[in-house]
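There are 2 protein chains.
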Amino acid sequence: MADNKTRVTVNILGQEYVVRGTETAEYIKDLAAKVDRKMRQLSEDSALTTTQVAVLTALNFADECEKIKKEHQELLKMLEEEWN
Amino acid sequence: MADNKTRVTVNILGQEYVVRGTETAEYIKDLAAKVDRKMRQLSEDSALTTTQVAVLTALNFADECEKIKKEHQELLKMLEEEWN
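Note that the protein sequences, when read in sequence, are chains A and B. Numbering-wise (the working numbering), the first sequence opens with residue 1 and increments by one. Numbering-wise (the working numbering), the second sequence opens with residue 101 and increments by one.
Taking lysine to any residue pairs in the SDA-like style, the calculated list, with each CA pair at most 25 Å apart, reads:
id, chain 1, residue 1, chain 2, residue 2
1, A, K34, B, Q173
2, A, K5, A, R20
3, B, K169, B, E182
4, B, K170, A, A33
Please keep in mind that the hints were generated in silico from the structure rather than gathered at the bench. As the structure is a computational prediction, the values presented were derived from the model and not from experiment.
Bound-form chain A, shown alone (with noise of 0.2 Å):
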């Protein structure tokens, strides 16, 4: 989310963020409602500070993109061996 074309206020735990990027304001709206779930889930369950709870979000998010390119990196060296 790079470049400035869409600018976008949404609410993460209470606190208002102004995000820019190039995608549309629904989907900016979408992924911030991913991560205020997620962090609102983590810090129900512990006594942790926002900024505890933020980065953790931030590691389950890094997780699961790793998880999905190594699922689609897997795919595509399947199909690699099938076409050759």
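Starting from the known structure of chain A, arrange chain B on it as the hints suggest.
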């Protein structure tokens, strides 16, 4: 990262976090390094608080996840159509 098989202390933006997960310590450290890198990058570019940087980092990873998921689903759909 729900279960407690691995317990590893990582350092993210100068703060220590104890992360528990089912993956290897190496995998968790790699994830933490990715989050740390993104947080340092975002905090260099702005006058944001650590919480804001962490939330924006979570949003960035959530965005990356969505894009890989979409790519993966499109590939699966394409294969499904081809194989039917």
